[in-house]
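Novice: Sequence:
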Amino acid sequence: MKTTYRGIQKSLAHPKALALFKGDFFWDSRDQLAPFGAMEGYQSLKAYLLWRETAPQADPLEFVSDWMSKKRKLNLAQYGPHLLNRKKMEAEIADRRFRDELEILSTDSYLLAACLAPLVLEGELPCSLWPYLQTAMDRLMLWNELQAEFGPECSQQIMYLYQIKQELQPIFSAQ
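So in the working numbering, spot 87 of the sequence shown is number 112, and the numbers just go up one at a time.
Do not take every clue at face value.
Unchecked claim - Label pairs and their in silico Cβ distance ranges:
#, residue 1, residue 2, range
1, Q188, G148, 17 to 25 Å
2, G32, M184, 18 to 26 Å
3, S36, R122, 26 to 34 Å
Claimed, not checked - Under the rule of at most 25 Å between Cα atoms (straight-line distance), these lysine-lysine pairs were calculated in the PhoX-like manner:
#, residue 1, residue 2
4, K41, K190
5, K98, K71
6, K35, K71
7, K95, K112
8, K47, K71
9, K47, K35
No wet-lab data here; the hints were simulated from the structure.
What you are looking at is a predicted structure, and each value in this text was computed from that prediction instead of being measured.
Don't be surprised by glycine CBs; every beta carbon is placed ideally from N, CA and C.
Using the sequences and the hints, build the whole thing.
Specialist: Shown next, in the form of structure tokens:
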């Protein structure tokens with residue numbers, strides 16, 4: 026079966042995801058600040074759908090690892106809470122040669138959507154994805170906090186991420 030993908034849709038979502046994510050923004054494919062509204066989220070969810078057709082029993086961590094290696098040349102072994110160093114991120118943002126929108130915003134947006142894809146489509150969020158998902162959300166929140174020139178957009182994305190973290194709390198606290 027060939028899947029036609031037109032962005033995130035509640036009709037494709039698993040009932041567990043629908044019950045968890047109450048905010049309309051989460052399901053809005055046009056909201057650039059939402060997990061699946063920007064290009065990174067759209068591409069991640071579409072890639073997960075296509076991958077799942079060829080690997081129905083595979084661990085979603087395989088997809089996330091391969092996807093991040095392909096999209097951002099990121100080795101997941103190098104991705105973790107150590108990246109949440111505020112002073113280091115401030116220095117990276119201040120460095121005109123460092124492309125923080127690509128290295129932080131884009132990377133973490135891809136990772137956020139890739140980690141949420143199994144939950145949205147299958148109703149499961151494997152424990153193996155939790156550390157990457159939590160770091161991506163925290164890192165995006167910190168990056169947005171440090172972007173004074175973007176103002177309201179950054180505040181809005183921080184609120185979205187905070188709401189997602191709150192909605193995921195039952196899953197994280199179940200273990």
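Novice: Report the numbers of all earlier hints that the structure fails to satisfy, in ascending order.
Specialist: Result: hints 3, 7 break, sorted rising.
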